[in-house]
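**Student:** Here are the chains, one letter per residue:
Protein chains: 2
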Amino acid sequence: MKSEINEKNAALGSERSVIREIFEYGNMRAAKIGRENVFDFSLGNPAVPTPDCINESIARLCRENADVHGYTSAQGALSVREKIAETINARFSAGASADDIYMTCGAAASLTITLNALVCSPQDEVAAFAPYFPEYRVFAESAGAVFRAVDADKDSFQISFASLEKTLNENTKAVIINSPNNPTGAVLTEKTLVRLCALLKEKSTEYGHHIYIISDEPYRELVYDNTDVPYMPAMYDDCIVCYSFSKSLSLAGERIGYIFVNPKAEYAKRIYAAVCGAGRALGYVCAPSLMQYAVAENMGDFADIAAYKRRRDLLYNALCDYGYDCVFPDGAFYLFVRSPLDDAKEFCELAKKYELLLVPSDSFGCGGYVRISYCVPEETIKRSLPLFKKLIDSIKREQIL
Amino acid sequence: MKSEINEKNAALGSERSVIREIFEYGNMRAAKIGRENVFDFSLGNPAVPTPDCINESIARLCRENADVHGYTSAQGALSVREKIAETINARFSAGASADDIYMTCGAAASLTITLNALVCSPQDEVAAFAPYFPEYRVFAESAGAVFRAVDADKDSFQISFASLEKTLNENTKAVIINSPNNPTGAVLTEKTLVRLCALLKEKSTEYGHHIYIISDEPYRELVYDNTDVPYMPAMYDDCIVCYSFSKSLSLAGERIGYIFVNPKAEYAKRIYAAVCGAGRALGYVCAPSLMQYAVAENMGDFADIAAYKRRRDLLYNALCDYGYDCVFPDGAFYLFVRSPLDDAKEFCELAKKYELLLVPSDSFGCGGYVRISYCVPEETIKRSLPLFKKLIDSIKREQIL
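Heads up: the sequence lines are chains A and B, in that order.
Take 11 as the starting number for the first sequence in the working numbering and just add one per residue.
Take 11 as the starting number for the second sequence in the working numbering and just add one per residue.
Don't read these hints as lab results, they were simulated from the structure.
One or more of the hints may lead you astray.
When chains are identical, the list treats them as one kind, so a pair holds in a single copy or across two.
As the list claims (entries may be wrong) - DSSO-like cross-link-like pairs, simulated, lysine-lysine; straight-line CA separation at most 30 Å:
| hint | residue 1 | residue 2 |
| --- | --- | --- |
| 1 | Lys93 | Lys42 |
| 2 | Lys211 | Lys12 |
| 3 | Lys319 | Lys164 |
| 4 | Lys400 | Lys355 |
| 5 | Lys12 | Lys319 |
| 6 | Lys201 | Lys211 |
| 7 | Lys176 | Lys211 |
| 8 | Lys362 | Lys274 |
| 9 | Lys18 | Lys279 |
| 10 | Lys274 | Lys400 |
| 11 | Lys12 | Lys355 |
| 12 | Lys201 | Lys42 |
| 13 | Lys400 | Lys211 |
| 14 | Lys279 | Lys213 |
| 15 | Lys319 | Lys42 |
| 16 | Lys93 | Lys406 |
| 17 | Lys363 | Lys279 |
| 18 | Lys213 | Lys392 |
| 19 | Lys213 | Lys274 |
| 20 | Lys274 | Lys201 |
| 21 | Lys18 | Lys392 |
| 22 | Lys319 | Lys18 |
| 23 | Lys201 | Lys12 |
| 24 | Lys12 | Lys176 |
With the sequences and hints as input, model every part of the structure.
**Tutor:** As structure tokens, then:
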């Protein structure tokens, strides 16, 4: 009998992402030569512990609040949304009320819900700047849009406005920004963002419809040396923030985040309604209740950011020292390194011989680099350094010969 | 400037469901006359407490397992899926392995992911039996299918095969069953299901493609008097079970459940891949990790089912006694009562005068009834009984006059 299922989703489910492929390879190697001898820099699973205050809140909420496991309203518990609005108002003068906040099952859900709220025609286009998180394409296409990649600005990993201007057209519905960026760790400067906003406003007027900025902010809190991460809704009215507590509180598996629809957007109320509708249509009844209450109780707390900074400094300084060409990451927990070989995949294969598991940058829409996730134990980084040195030395020797 | 957002989702997000509407009215009344004087039977939010073992697991996992808040694999932690497979194999001889189980954010996610895995053409039809959970229509349409309601069998609330035969056609992709049923509490008997399976097998052969049964089972464990709830995968190969721990463990807000793809289905592996792909496309990165581990540790435990039975008996016996015509519920926590007035909405309006908040059955695709959610404190039921009596007595008086 015929198989008549959704083949697009079947393909999506059977292709392992490049990152998962490497992760599984690492597990295989670990079984063979011992976990401590494999240096897996592939995944973005935070190794810095969840702050104690979160676990304490969880335990107390379970003990004291009989309703903690019950349904909240679909957009999230009112008290939680109020607390988040209050916090972003205090930090960013966001002008938010509880009714502009929609609690989600993490950043991916924030993005799929937002995209399903905005996209309304198969001609709609969603643009993102290379290098970009590969799932942006999946999410945009699944919401029914065409995904468009803007070429990378390989000089500074800000924005290539020449490429952006070529990408924008009357079908552009939204532009996704991600600062601090996965996979480069770059933070978009105020100067860059001012120019971006001006261009998008100009184009919105030209096309006669709003171009939305979707600000994907899972790494907002992970910045070092007091780097400023400008708040997009303060700069651009038609902005929707997709936030997640996955990295800021090391809660990646718990799936907790929120959407903030800028009340200054012309159709803010209607967009918020579409967010609620999209969440409903995709099967998100409410965000996990216990986690909603737990994060609301600890809005000022973050995982140990200094621990990430130590890892960044350790890895960045050593790798530069050995002769690698690295993008200096102001935030997130990724190091983006130019491949010493023309073919980044070939370089990653070579790195495997030293048990170093790196991700080639091709799947991020920008060839010639590798991504190193340094959200691993500090000890792992320390013990990997001699191998990184051997790796580049072997290439240098080869190139001299 | 034009608003070009997804108007379908905006409409879905701004229309409050009838149930939510009543719930909000209840809140308003409670503010006016006191919570204890409003008898809100509208929502299915379990009032029977979460078992202590779950809260103990949560506290211990947070204390002892440093990785408990980290990403699990997309289909769920292997140990969790193994435990679930083992449990359903022991209970139902399901022949399941961990690779047939996909952990989800609750029943709604189980359904949207399953529907997105199966539906592949705008002609595809998904059928459900009235009275049905209203979101079935939303989920099916959002997955791109046509929703088809099979008329209710108002004699026994089993299946009207005459209506089903009229509904089935070569576009039928799947049939959703929900036993015990929301809103009637009826349990489909083995005899009914044998007939259903035979018919669907016959039609699958006739149409040359598989018709899937999606068994939506949030109420599986909530049955009384040892009522048997046959396990569909044992009776029908092309079956996908959508399970949730929301009711069985009073964890409705935590969004935790699973999909079980029957390995006996001809294309089981491909369907499972499509489930993984659909989950990914909809933004479900993984089910909440802490809850995955917590339910896996307590697979044999359930909320206090006897407490629900006491409520059912109390309410059913009293209402029958007063002269209401009630469907006897073998399971779930709903009482489906024939409206004493022709118009169920009018009856619900009248009930409001007695501060009794009931849901008219129209939105369940079956007019002339009301749904009473008895998952409320026992005391609430006891104190409501005199009001139910006054309500029907007032109607009887009116009808005599």
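**Student:** Take the hints in turn and mark each one as holding or not.
**Tutor:** Hints and how they fare:
1. Taking the closest pair of Cα atoms, Lys93 and Lys42 come within 30 Å of each other only across two copies (26 Å); inside a single copy the shortest separation is 49 Å, beyond that limit.
2. Proximity of Lys211 and Lys12 under a CA criterion of 30 Å is satisfied inter-copy only: 14 Å between copies versus 51 Å inside one chain copy.
3. Taking the closest pair of Cα atoms, Lys319 and Lys164 come within 30 Å of each other only inside a single copy of the chain (23 Å); across copies the shortest separation is 66 Å, beyond that limit.
4. For the homomeric pair Lys400 and Lys355, the shortest alpha-carbon distance inside one copy (18 Å) is at most 30 Å, but the shortest distance between copies (77 Å) is not.
5. In this homomeric assembly, Lys12 and Lys319 never come within 30 Å of each other (Cα to Cα): the closest approach is 55 Å inside a single copy and 45 Å across copies.
6. For the homomeric pair Lys201 and Lys211, the shortest alpha-carbon distance inside one copy (16 Å) is at most 30 Å, but the shortest distance between copies (65 Å) is not.
7. Proximity of Lys176 and Lys211 under a CA criterion of 30 Å is satisfied intra-copy only: 16 Å inside one chain copy versus 54 Å between copies.
8. Taking CA atoms no more than 30 Å apart as the test, Lys362 paired with Lys274 passes in neither setting, with 50 Å inside one copy and 39 Å between copies.
9. When the C-alpha separation of Lys18 and Lys279 is checked against a cutoff of 30 Å, the pair qualifies only between copies, where the shortest distance is 15 Å, while the shortest distance within a copy is 34 Å.
10. For a Cα distance limit of 30 Å, the shortest separation of Lys274 from Lys400 qualifies neither inside one copy, at 54 Å, nor across copies, at 51 Å.
11. For a Cα distance limit of 30 Å, the shortest separation of Lys12 from Lys355 qualifies neither inside one copy, at 39 Å, nor across copies, at 45 Å.
12. For a Cα distance limit of 30 Å, the shortest separation of Lys201 from Lys42 qualifies neither inside one copy, at 50 Å, nor across copies, at 54 Å.
13. In this assembly of identical chains, the alpha carbons of Lys400 and Lys211 never lie at most 30 Å apart, being 50 Å within a copy and 63 Å across copies at closest.
14. Only within a single protomer do Lys279 and Lys213 lie at most 30 Å apart by alpha-carbon distance; the minimum there is 23 Å, versus 47 Å between protomers.
15. For the identical chains of this complex, Lys319 and Lys42 are neighbours neither inside a copy (32 Å) nor across copies (54 Å), given an alpha-carbon limit of 30 Å.
16. For a Cα distance limit of 30 Å, the shortest separation of Lys93 from Lys406 qualifies neither inside one copy, at 55 Å, nor across copies, at 51 Å.
17. For the identical chains of this complex, Lys363 and Lys279 are neighbours neither inside a copy (55 Å) nor across copies (34 Å), given an alpha-carbon limit of 30 Å.
18. In this assembly of identical chains, the alpha carbons of Lys213 and Lys392 never lie at most 30 Å apart, being 49 Å within a copy and 64 Å across copies at closest.
19. Taking the shortest alpha-carbon separations for Lys213 and Lys274, only the intra-copy value of 19 Å comes in at or below 30 Å, while the best inter-copy value is 55 Å.
20. In the homo-oligomer, the alpha carbons of Lys274 and Lys201 lie at most 30 Å apart inside one protomer (22 Å), although the nearest pairing across protomers, at 59 Å, exceeds that limit.
21. In this assembly of identical chains, Lys18 and Lys392 lie within 30 Å of each other by CA distance neither inside one copy nor across copies; the values are 43 Å within and 53 Å between.
22. For the homomeric pair Lys319 and Lys18, neither the shortest alpha-carbon distance inside one copy (41 Å) nor that between copies (45 Å) is at most 30 Å.
23. For a Cα distance limit of 30 Å, the shortest separation of Lys201 from Lys12 across copies, 29 Å, qualifies, whereas the shortest one inside one copy, 57 Å, does not.
24. Taking CA atoms no more than 30 Å apart as the test, Lys12 paired with Lys176 passes between copies only; the shortest distance there is 23 Å, against 44 Å inside one copy.
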